Structure formats: C-alpha cells, structure tokens
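Novice: Chain residues, written in single-letter form:
Protein chains: 4
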Amino acid sequence: MTCIRFALLGSGFIGQVHAASLARHERTVLSMVADADPERAKALASRYGARAVTVAEAISSDAIDAVLIASSTPSHAALLEAAARAGKAIYCEKPIDLSLARAREVVEKVLPLGVPVTVGFNRRFDASHQQLRREIEAGVIGKIELVQMVCRASVMPPLEYLRSSGGQMRDQAIHFFDLLRFLTGDEVTTVAAMGDALALAEIAEFDDVDTSILMLRMRGGALAQLDNTRRTGHGYDERISLLGPDGVLESGSQTTRGVTLWQGERRIQPGLYPDWFSRVEGSYYAHLDAFVRSLGGEEVADLPGLLDGLRAQAIAEAAVLSLQQGQFVSVEPLA
Amino acid sequence: MTCIRFALLGSGFIGQVHAASLARHERTVLSMVADADPERAKALASRYGARAVTVAEAISSDAIDAVLIASSTPSHAALLEAAARAGKAIYCEKPIDLSLARAREVVEKVLPLGVPVTVGFNRRFDASHQQLRREIEAGVIGKIELVQMVCRASVMPPLEYLRSSGGQMRDQAIHFFDLLRFLTGDEVTTVAAMGDALALAEIAEFDDVDTSILMLRMRGGALAQLDNTRRTGHGYDERISLLGPDGVLESGSQTTRGVTLWQGERRIQPGLYPDWFSRVEGSYYAHLDAFVRSLGGEEVADLPGLLDGLRAQAIAEAAVLSLQQGQFVSVEPLA
Amino acid sequence: MTCIRFALLGSGFIGQVHAASLARHERTVLSMVADADPERAKALASRYGARAVTVAEAISSDAIDAVLIASSTPSHAALLEAAARAGKAIYCEKPIDLSLARAREVVEKVLPLGVPVTVGFNRRFDASHQQLRREIEAGVIGKIELVQMVCRASVMPPLEYLRSSGGQMRDQAIHFFDLLRFLTGDEVTTVAAMGDALALAEIAEFDDVDTSILMLRMRGGALAQLDNTRRTGHGYDERISLLGPDGVLESGSQTTRGVTLWQGERRIQPGLYPDWFSRVEGSYYAHLDAFVRSLGGEEVADLPGLLDGLRAQAIAEAAVLSLQQGQFVSVEPLA
Amino acid sequence: MTCIRFALLGSGFIGQVHAASLARHERTVLSMVADADPERAKALASRYGARAVTVAEAISSDAIDAVLIASSTPSHAALLEAAARAGKAIYCEKPIDLSLARAREVVEKVLPLGVPVTVGFNRRFDASHQQLRREIEAGVIGKIELVQMVCRASVMPPLEYLRSSGGQMRDQAIHFFDLLRFLTGDEVTTVAAMGDALALAEIAEFDDVDTSILMLRMRGGALAQLDNTRRTGHGYDERISLLGPDGVLESGSQTTRGVTLWQGERRIQPGLYPDWFSRVEGSYYAHLDAFVRSLGGEEVADLPGLLDGLRAQAIAEAAVLSLQQGQFVSVEPLA
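Chains as they are written, first to last, in this note's numbering: chain A, 1 to 335; chain B, 1 to 335; chain C, 1 to 335; chain D, 1 to 335.
Keep in mind the hints are simulated off the structure, nothing from the lab. Bear in mind the structure is a predicted one, so any value in this text is a computation, not a measurement. Keep in mind that a hint or two might mislead.
Intra- or inter-copy, both count: the list cannot distinguish identical chains.
Claimed, not checked - Below, a list of computed lysine to aspartate or glutamate pairs in the DMTMM-like style, where the Cα atoms sit at most 25 Å apart:
1. 42 <-> 26
2. 143 <-> 196
3. 42 <-> 137
4. 143 <-> 302
5. 143 <-> 275
6. 143 <-> 81
7. 143 <-> 265
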C-alpha cells in the first residue's frame, strides 16, 4: 500500500487541523505546505517533516498526488482550477466561491477534467449524523416527511469576519443545506426565510442577519425547518431531527462530560460543547479518511462533490432573496 | 368559603374530564349537567350526584354560578352569549367559533357584559410550560429571540372529525399560537406556512393539511417556528424551546415511566405519552383551579380570556391564507 | 358486577390515601371508617358518604366484605386476626408486627383461615418496577446476577417517629427486601450490613442508623446491594438496577417536569420528586386494584401475601444483627 | 522550554498508547523503546523516530530523563528499582507488584531515592471524575456520607490472562480502591466482600470471581459500595456517585454518539462505550500531562504516587480475604 502524498495549501487554523489529520492517517503523508505567509508555512511544515513551498511548486510537483485547499475563500476557485488542470486529487474547503456564478464556472471547467474532488462539507461525516444517514437509508423511519435542523454558534464572530463572510446563509446555514440534501437524498424546491440582526445590530448595515429561521420544501414532499443563530452564549448547538411515518430519528444536542449534581430541587449537568470546533472536530478526520478510501478505489457514497457544493450554494442564494424580499423563493435547478 | 355551583354543558369526552375536575376541586360543585343527548347527561350527572337538565334550565337557574361549555364547537357561540346574558361566569372550550367573524361578534357582545370568561387554552397550565413562563418573566434568559414549538399528535383523527374541524391551523396549531403569545407576552405580526397532506391524501379534498411548518415574526422582533403533524405513530410530542441572549429554556418531549434497558449496543427507554390527552391531562384541572381562584378574587395573570381566543384565531386565519397562497401574510390587528 | 364493600380501619394520612382510592375504584365502595379518634373517622367518612363506626362494628358487620387496615403499627396484628376470624378479605399495611415472633404467630393463625390477605408492599405496583418484573419474567436479560437498589428518603422523620419505627431496616429497607424477592423470584440467604448515624447522631442512642449499605446473597447465586439514607436534602430517590448476562434493566431516578435551562456551561433540570409519597403515590391505587381484581377471581401473581410480609421481616432481622455485630448473617429460613 | 526525553519500556498495547501520548505532548519526546521482543520495539520506535534499545541501555542512558514502565506486571518491580537507582523520573503502570509484600519492599527502597514516581491510576484523570474531585474539594455537597461505584467490564478476558491477573480485586477493583481514596481524601478501615464465578465457572479453580460486591467503611465515617463484573455483554460501564448532606455528585454511565430513535412505544439510543479502553482513553494522556507538568515544577495534587499504589493494594488484599472467609476484614494500616 503506497501513501498518498498531499500538499496543504493554507496553514491557518483549518490548515493546521488538516495537517494533523494527514500526519495521523496511515495512508497519507503531508509532503508540502504552502501559504501566502511563507513563515507560517515553514513553521507548520517543520512540525510534520514536510517541505514549505510556493503554491505553484506544490501544484506542479510530480511528488504530489493530492492537494488540500484550506486557504482563504477568495483563493479557492483559482486553486481548484489549477490543481485540477495539474491532475491532482483535490479536497477543497467550502465554498467553491462566494459568487454562485463564479462557482458554477469553476465546476463547469473542473468537472470535465475528471479529477477526484471533494468539497469540505465535513459535517456529513459526524458520527451521529452518519448514523442518521445509515438508518434512513435502511428505511428505519420510512419516507421522510418533516425535518428540523438547528445550527447555533456559540460566540459572535468579529465584525470584519462577518463583513466578508457572504452572510449567514452562505457562511453558516450552507452546511445544513448540504446536510438536508445528504440526509433526505432529495432536492430543495422552495425556500422561505425570516431573519434579523438581533445580536449585533451593526451587521444590518451590510444586509446580514444573525438570527434566522427557514422553511424548505423538498421535491419529494418533505418539509424542513432550520434555525441559525450566531451566538448562544451557552455553547455550540447542532441538532437534526427527521420524522417519517415509522418514527423520528434525532442527532441531538451534545454535551461534554457525564457529571450530574443533584442539589436542592435541581439536577445540574455540563452544558453544550463550548464552540463549533470542539463539537465537529472528529468529522474532519472522518471526511479525509473517506476521501482517502475513495482514492484507493473504494466506493464511498457520502463524499460531497463539486455539484453538491454548487447545489448548497443555490439554496443559500434563494434564502438570501427570501430574507430580502419577504417572499417564498424557488430554488433554481442546476442543469 | 362557599362553593361555586357549576352547570356542565356537554357530557362527551371533554365534558367528562371537566366533570371529574369539578368533583375533585374542593371549591366547586358540579350541580347540573346538560347535553343534546339527555340520556348521556343523565348518566354523567348520576355519577356525581348532579341533576340532568336542559341547557335552558341550566343557564337560567339561580342555583348556578358558572357554566362550563364543553359542547360541540358550533354551539359554543350561542351558549357563550346566553350564559353571559344570564350573568354566569363562563369556562368555554376553544374555539369561540370556527368563523373568526362570528367569534369577533360574540366577543363584542359578551365583553361589555363584564362576566368572567376563560377560553379553553388549557396548555397554558401545563406544569412544564408554566415553569417556562415563570422563568421568562423572571428574566432568566433575557429578551426572547427565537422560539421553537412542536405539536405532533399521535393518531390521525377520523376523516369525519377532520372534515368539520376547521383544519389543522384552526383545530391543532391554535393551541400553540396561544402559547406563543402567552410565553413571549408579544403579538404575531407576520406568518408564513407550508403544509401538505402527507399522511392522509383525502383531506386535500377539503384543503386541509396534516403536516405543516410555520414561521412567525413577533412585534418585538422574536422569530418563531412551529411544526404540526396529525400522526406520529410513536406517541404525542409537544415541545417548546425559547432562546434568549442568556440561554435556552425548553419544555421538552415527555416520556412515560423511568425504565432503561441496556442491551447490546443500545439503550432502550419508554417512549412518548401514547396520546395528547395523557400528556396534557393535568393542565385541565390546573386551568379550572386558576379560574376558580380568579372567581374567588385572586389575581390570576395567566387566564386566557375572550380576546386571547380571538387573537389566536386571527393567527390561524393568516396561517391558512399563507398555506393557500404561498405568501407571507400579515396578521390583522384586533382593535 | 357487585361492588366490594370496604371498611377502612385508620383514618390518618395513609388511611385518607386509601379512602380516595376506594372511592375512585369502580368496583369498590367505602362503606365504613373506624379510627381510635372517632372525630377523625367521622370527618373522613362524611367526605365519601361512608359511616363512621367502631372497629368492632366494622369487623362484625355483614355489610362489609373487606377491611383495609391502615391503623398504627402496634394494632395491625390484632386487627388482622380479628378480621380474618370474621371472614373478611384483608388489605393490611406493613408490617404485620414489629416483632418477627409475633408476626409469625399471626401468620400461623391467619393462614389456615383461608381469607384473602395482602400486605402493604405497594412498591411492587409502581409502574416502572412492574415493567422490570414483566421484562425479567420474559427473560429479557437472562438470569439475574447483580442487583443494585437505592432507597433515599428526602427529609429526616421526627425523632419520636424514629424511636418507635423499629429502625431503618424494619421501617425503610423492608420495602426493598420485598422488592428484591419480588423482582428476582428468589430468596435471600446471607446479609451483611454497615451503617451509621451520620445525619442525626441522637438515633444512635436507640441503636438506629440513618445511612446504611447492605450486601445480600440470593439462593440462586445473585448478589445484591442496597443503600438507605433517611434524608437527602434533594428529594426522594428510589432506584433499582438488575444485571443479567443479556443486559441491564433499570428503574431509575424519577424527576418532576420536563424543563431544561441551558445556561452558560450548564444544563439545569428539575430534580427528584420532593418526597416519597409524591413518587410512589400511584402504586397505592395499583395495589388496591390488583387486590380487587384477585377478589374478583382473577389470577394476580404479584400480590404480596402474609408469607411475603414475614420473609421481608426475617431479612430485616438478619440485617439488624449484621449491623450490630459486624458479621455476615444467615437469613433464617421460614418453614 | 526543554523537552523531557522518555524511554518507553514495553511496546505492547498499553505501551503503544503511551507512545502516541509522548509523541503528541509538546513537552515530551519519545527517544527510546525497549521490549522483551526486540522486533516489536523496533517497529514501534520507527513509527515515532525513536531508537530501539535494550532495557539496560535505556535505563543507563544519559540521554534519557524519564522512563515509562509499560512492560508485563512481573517485571515492574525490578524496572522501578533500577530506574530509580539510575535517577530517572518514572511513570509506572500499576501494580507495583502483585505481591503486596514485594510491592512494599520496592516502595521502601525507591522512596528514599527521591525520584519522581507516578503509578498508573490513570482513571484519576478522567475528565468527569476530575470534575467530581474539584467539586468535592470545593465543598459543593459537604462531607461525603455514601459512595457508590460501579466497574463493569464488557468482555470476559481470556482464561490465561485471568489466571495470572491476581484476581478481580487486585486487577480490576484496584482502580476503584484508588478512586475511592482519591475522591474522598480518606482511608478505608474495613472491607466486606461477596463474589462468585457467575460468568465463567472455570475461574473458581484458582479462587477468582467475576462478579463481586463490596462494602467499605472509611475512617471519617463514610460508607462505600462497589460492584465489579468481568463481562456485561453490553459495553463498559464505569460510574461513581457520592452523597453528602448537600447533594449528590455523579460521574455516570457514558454513551457513544447523540442519536435517538423514537419508534412505537420506545426511545432507542446508542449504548455504552464498547470497551474499557474507548471509555478511559483520554485519561492516559491527561495523566501523562499531569506528570510532565509536575516534572516541570508545577504543584500537581492529584498524581498517584508509590504510597497510593501500596494503599490500594492493601485494600485489595483485605477484599480477597473477605471474599474467601465471609467476614468483615480490617485494612492493615501502612506505617
């Protein structure tokens, strides 16, 4: 068994997470690290015995089989195209591009090249959500009729981050648009959304919201709800519940530790995971592992591809329109 | 302390529930029972040492202080008016009338008469929901930003019932329109709804749905979600969750018994209450008790009155419109 | 269907509980009430349309089919004997007598008379414990190997009560000696106990303990643990867990209401039932109902009889001895 | 900050766990690996860039600051003595030696040498148990009165393992004897135990048990219970509950994933961790980290030392005696 030699493009927070996974996985090796900041690339590379290189070197090197794109969002599209032209396998953080039009253009160029690409919807590989998927596929609750999803971040991101994030639909809710498609195996046809800047009034200036609720109608008839908040003050909460004629399947709020204090008239237990990363951390490795297995020839049904990236973005665009216009909005089908 | 002498109008299922409460409460006495079916009235009256009478006798009797209207929906409006004119205190099952216009007419006639009236939104008195209300009032989680409500009945009602029920919004969701107002202390301004006849296709003939989701915007800025289903197949599920800047308060799914089987890779526990009545039974007595205390001169803030009945119905009308037209609908304010 | 006419002997707290059950049950009628305090008997009788009588009248009356002995413990033995001689069916609160020798004498006299007798081990009829019994009988976890029982009262009883209670083994633990026999269908052969007066030092004067732990070995090989405390300060806790080769069955800590507050790093829920009565209340009616059904000719396997009362007391005696002597003690088999 | 250079003695399952921790910790480096099987040492060393050496080389090397003894139990004592004489810091897997006399001899030799030693009671560093310790120290529930501990392994170990394990008390229960001392900050004075070979009759041949219950009395008055089983068939269960006058603190059964299936009359969730290692894995790293911090000069109160090892073994010896003789046994105090 030969190892897959990876170049990591981007060595910020998420890049470092992926570096640790690539080092840990027995079938991958982290060979090169590139970053707009060469010092940062060098520091990360040295911890794992990799070489710090330029992006161009990484993509053109014969010693590289795959690239992991974890750079800033605006650079994704160009790196995707370049890596695909160089014939590399690609793990690309979401989104392909904040502009749906540009993302579509990338997909149209990259798809015909036939390189393996997965887009960073890592939550598909959360152990609990995976169990939902397996049980739904097995028909445990029958045909899905109703879906409830909750995505509540713990701490308001900095204003600068929010300003360039694309807004709550494209930045936060998009993971759940993908999970909805993934879990139901169905497509969204109509979206209606309400939202407001309840936690941080300033973001209304650039038309963003920090608290929003959505209704989504699926082609097969199922109805879905989603709520999103940017700060709970009590940890990160991610929940999915699906109802079918034969029962309900839930991936519920997860808490840390197993301690209970019974005192007076109350039972007190530890609360939610403190932040999104501690909650979903495990799914990054699981996603990488699935990608590696697929590169090794295994059939891996759950891998999110380029079209999945595009479809989730299309739902986000419809949601933005609904938020702005107070109307039900059809999701434009992708050819 | 003198007892309040009640006449019970209607001796069907819910009438019998109220009869037991009136017998059990130490400050009420069940004196008379009337029913369109005199034999049924007689049977119930005899179990509790009451007299079976006609509706007219009950309402006009000097030996009656209060009436409890638990007859069929179409008779509510006329009985309410008659009992109010006779100066009786009134506990009236919801709705006032399936027609909002007729309900408004009743309210306009009855309000000036100044008799004490409560409308049967008993779920306000559920012990768990009451705790939510108390903690929200105490400011435990701050100003409400997001509300999630779930109302899932266990077994599809008979088609004949559904045909004359007024539809899922007016018959089932209305309790949660009231709870939303009750818990937030705020009014709904906009409703958007999606729904379908997923469980029983026949009800689409009379424009009803059995599975629906709603978004509601509150005057104060909060956003609310509600889902309703007519049959879960796994018991009755009623849940409310409210998020504010300082935390989340939930009145969650309630289950029967405290038994766990750990076996193989699974932990198995008893599921939901089998039906809505076993879940909410306690709230009927608590509602009656609150009404009795208010009649005794106590200040009881939570009692739902005629205007509460009207407002919940106005939300239901907006929801029906949204379902039919696929649009956001403003809730008509009541003068 | 004719009703069973009951005389209630004793109208204190537990007598009043039984009076309400007798009134509620459709196959029983509360005909007479007797009490050492005739005024108290009269007050209770009048609430339910019964007659206040003397004990002698009640027991000798032809208009009485069954007596419910809920008087003070020292009177149980004589009333049991008298009622049995009069041919009445008998529901007798536990214990038969605080003295095991006297209790045995009563049983030897009463058993040959052949009247139906049940002893007040009402916890057998708790809905959760009943489910344990049914699943164990069905073989769900196989042959029991290990049992854990917890019996923790919420509030220290008054010193006077404790002084005449017979001590923690005979007064409190005895319910769980019975449950252990009931759930395993097996007999205790050896007991070892440790205890202390940790909560109220004064009770050491009369050799009582308020905190105790026990090990019990069953004839069939199972091992059991029990802990007892007289005051938790945080409500009443009653738990049973049984392990067999195929899993664990638990009847766990039960809490009031279904409310959760997620706040900061904590999840806060309502605690235990405030006291033993609110927790086990339902089992009194269920026990009565089972007795009534057995009187009606139905085979009711779970009813605790005179020998059950005796056997639980024999375990208590062995436990007292172990506490006092710091030794393993064999439980004397009953002929 | 310089790194602490470790030699790992023993490269079996637990040795490999420690190797990964040493590689991951930023203040340790895994420099050498020794094993009775040189090939196995070589394989492990190569994965982490360490050198495979003999035990003698490792202990005598100037390039080694600390040794981690993870070899077979019979070799612990001699390695501990040798490493202490060589002035190394020592992390030694429990037990010091299966013979309490030999263990005492080792401690008497090693203690005067003054090298830092920690004994492998890693469960002290479980995140949940640590929270118990912190809250007990903070006085949250007051002075401990009652302790319940459960230690239930999932799968029966092989007969050969059991034959040389020292028996359930010395091999399995010993972790909880240490936890009991750790959590209460108190010493055991008396032990009583019952046990049997219920799961695997063959182990009775060498006087072992696979199912046992214990009572322990603490010097300060608290009473403790422990149960141990060798196979549950439904995963690994480890629980600790402590009751004081102001409440109960529990570190409860932990389960995998956050998925619920509501179906029919049941609620089905994932069960326990499949085995002991997946449940306690995190505590190995936390223990190592605490040891490293103490070597760096930090005051680390929770580290189990040589005397802790000895005291837990003394309790185990008393428990074995109680099992064999059916008597309460005093725990011999250590000078």
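Novice: All the hints need checking, so say for each whether the structure fits it.
Specialist: Structure-based check of each hint:
Taking CA atoms no more than 25 Å apart as the test, residue 42 paired with residue 26 passes in both settings, with 23 Å inside one copy and 18 Å between copies. Taking the shortest alpha-carbon separations for residue 143 and residue 196, only the inter-copy value of 14 Å comes in at or below 25 Å, while the best intra-copy value is 33 Å. Within a single copy, residue 42 and residue 137 get their C-alpha atoms no closer than 45 Å, and across copies no closer than 45 Å, so neither meets the 25 Å cut-off. Taking the closest pair of Cα atoms, residue 143 and residue 302 come within 25 Å of each other only inside a single copy of the chain (19 Å); across copies the shortest separation is 41 Å, beyond that limit.
Taking the shortest alpha-carbon separations for residue 143 and residue 275, only the inter-copy value of 23 Å comes in at or below 25 Å, while the best intra-copy value is 33 Å. Neither within a single protomer nor between protomers do residue 143 and residue 81 lie at most 25 Å apart by alpha-carbon distance, with minima of 39 Å and 48 Å respectively. For a Cα distance limit of 25 Å, the shortest separation of residue 143 from residue 265 across copies, 20 Å, qualifies, whereas the shortest one inside one copy, 42 Å, does not.
Hint compliance for this structure: hints 3 and 6 are broken, all remaining hints hold.
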